[in-house]
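Colleague: So the protein lines, in turn, are chains A and B. The numbering of the first sequence is my numbering, which starts it at 1 and goes up by one. The numbering of the second sequence is my numbering, which starts it at 1 and goes up by one.
Check the hints yourself; a few may be wrong.
To be verified - Facing chain B, a subset of chain A residues (Cβ under 7 Å, in silico):
{"#": "1", "residue": "Leu20"}
{"#": "2", "residue": "Glu21"}
{"#": "3", "residue": "Ile25"}
{"#": "4", "residue": "Phe27"}
{"#": "5", "residue": "Thr47"}
{"#": "6", "residue": "Gln118"}
{"#": "7", "residue": "Tyr121"}
Simulated from the structure, these hints should not be mistaken for lab results. C-beta atoms are modelled at their ideal positions from N, C-alpha and C, and glycine is treated no differently.
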Amino acid sequence: MKTLLRFIQKYSNFLLFLLLETIAITFIAQGSSYQKSRIIGLNRQVTGYIFSKVDGAREYLSLKGVNQQLVDENLELRNRLDRISGQMDSTIVISEFTKPYHYFYVPSRIVHNSVFKQYNYITLNKGKKQGVFKDMGVISDHGLVGIVLESSRNFATVIPIINRDFRLSVKIKSNNYAGILRWEGESPLYAVLNEIPFHLEIPKGDTILTSGFSSIFPEGIEVGIIESYSLEKGNFYDIRVKLSTNFQSLFHVNVIRNYKHEEQQNLEDRIR
Amino acid sequence: MYILTRNIVRFFVVILIQVLVMDNVMINGYMVPYVYLLFILLMPFETPRWIQLLSGFMLGMGIDLFENTPGMHTAATVMVVFIRPYLLNLLAPRDGYESETFPRIHYYGFHWFLKYTLIIVVIHHFMLFYLEVFQLKEFLSTLLRVILSSILSASTIVLSQYFVFRK
Numbered sequence: 001m002k003t004l005l006r007f008i009q010k011y012s013n014f015l016l017f018l019l020l021e022t023i024a025i026t027f028i029a030q031g032s033s034y035q036k037s038r039i040i041g042l043n044r045q046v047t048g049y050i051f052s053k054v055d056g057a058r059e060y061l062s063l064k065g066v067n068q069q070l071v072d073e074n075l076e077l078r079n080r081l082d083r084i085s086g087q088m089d090s091t092i093v094i095s096e097f098t099k100p101y102h103y104f105y106v107p108s109r110i111v112h113n114s115v116f117k118q119y120n121y122i123t124l125n126k127g128k129k130q131g132v133f134k135d136m137g138v139i140s141d142h143g144l145v146g147i148v149l150e151s152s153r154n155f156a157t158v159i160p161i162i163n164r165d166f167r168l169s170v171k172i173k174s175n176n177y178a179g180i181l182r183w184e185g186e187s188p189l190y191a192v193l194n195e196i197p198f199h200l201e202i203p204k205g206d207t208i209l210t211s212g213f214s215s216i217f218p219e220g221i222e223v224g225i226i227e228s229y230s231l232e233k234g235n236f237y238d239i240r241v242k243l244s245t246n247f248q249s250l251f252h253v254n255v256i257r258n259y260k261h262e263e264q265q266n267l268e269d270r271i272r
Numbered sequence: 001m002y003i004l005t006r007n008i009v010r011f012f013v014v015i016l017i018q019v020l021v022m023d024n025v026m027i028n029g030y031m032v033p034y035v036y037l038l039f040i041l042l043m044p045f046e047t048p049r050w051i052q053l054l055s056g057f058m059l060g061m062g063i064d065l066f067e068n069t070p071g072m073h074t075a076a077t078v079m080v081v082f083i084r085p086y087l088l089n090l091l092a093p094r095d096g097y098e099s100e101t102f103p104r105i106h107y108y109g110f111h112w113f114l115k116y117t118l119i120i121v122v123i124h125h126f127m128l129f130y131l132e133v134f135q136l137k138e139f140l141s142t143l144l145r146v147i148l149s150s151i152l153s154a155s156t157i158v159l160s161q162y163f164v165f166r167k
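One chain only, chain A, in its complex shape (with noise of 0.2 Å):
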């Protein structure tokens, strides 16, 4: 017993170093689910706060840009209506509205973004309290963000396609072949795009959108353009899409919040 006391006197600082060095690697054991831990959750609060404080000189710098990023839009909006009024008559616009909307939108602004690491989040200034909850879909003006992994009740992180974890099934727009888009760490500019057999002919510069088979997001929103292919190892190509959203300058995104998600889930859950 003595010699124990003696010897733990002795190596304390080498055992504190051991103990402290466990727990960080049991946080990186647990990756993800470590995120959705109660304490990150409410650190998300405190975090965000102070993200957000700063984040004002950040926007009124950046006012120039969302601006244009504004006018260009409301253009593009403006003559979509022009193009539909047009062949549309009365009785389909009525049809047509009094469906039961299926997607609506949560606009939001982001907060706090990474984009140089391996593992990269975002922060947005929306949460549960203005209906923001894990696994919905964010997008932006110019394509898809990513998912929604947590929220509190004033923030969310978000996943966005830059992050290793990241996986959503897509399709190429012109032969509707389905594959899954993934991350591999390199450039915050390109993604990977897999298991498209390799006898299909890949049309070089082709748009890559959204699948539509998870209810996260509706079908049809565009992810990126495929750069160049490969076909390295067994019977799947290689895929290097550039991505239409560029994250290093985002600021404003909207978060999709889909009625009918629970619906299809519940159901699907039920087959398996």
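Add chain B to chain A, keeping to what the hints say.
Modeller: Frame of chain A; chain B shown alone:
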């Protein structure tokens, strides 16, 4: 007492500077200056080892919480805090460290501080970046990131000695 308060204030200041300023300073996707190591580097020589370890742990946790990373900064920071006393012994000038001095350029000169900073920063970044990737598949590209980021962090830290911590 004065030294203690100064270190506590420094603890919070380096975290805030890191997450609010430095994380936005990223150069071509490879380099992030991790200046929060300044807190570790400037800790007084006589600080008890267990306080060094615990404060290193809390510093790492603080950065991890803001960066949304699980434990990576904590692991790397605790590691360099553990190594630091041995390194200081190794780098000690012939007649040892004088009392009432701190590990700074002002007392021990540019060469000594550069060596000290570089070794700590490289060990920290090596551990951090490989933990982040958590596989040896991209060994070389990660190594490149370690080297480039280390250069950036070390030079930012050394420069700060001339502009912020002059005395």
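Colleague: Against each hint, give a clear statement of whether it holds in the structure.
Modeller: To see whether the hints hold, each was checked on the structure:
1. Leu20: 5 Å, holds
2. Glu21: The hint holds - Glu21(A) has a Cβ within 7 Å of chain B, the shortest such distance being about 5 Å.
3. Ile25: 6 Å, holds
4. Phe27: With a closest approach of 3 Å, the Phe27(A) hint holds.
5. Thr47: 5 Å, holds
6. Gln118: This interface hint holds because 5 Å falls under the 7 Å limit.
7. Tyr121: Check passed: Cβ of Tyr121(A) comes within 4 Å of chain B, closer than 7 Å.
Of the numbered hints listed earlier, not one is contradicted by the structure.
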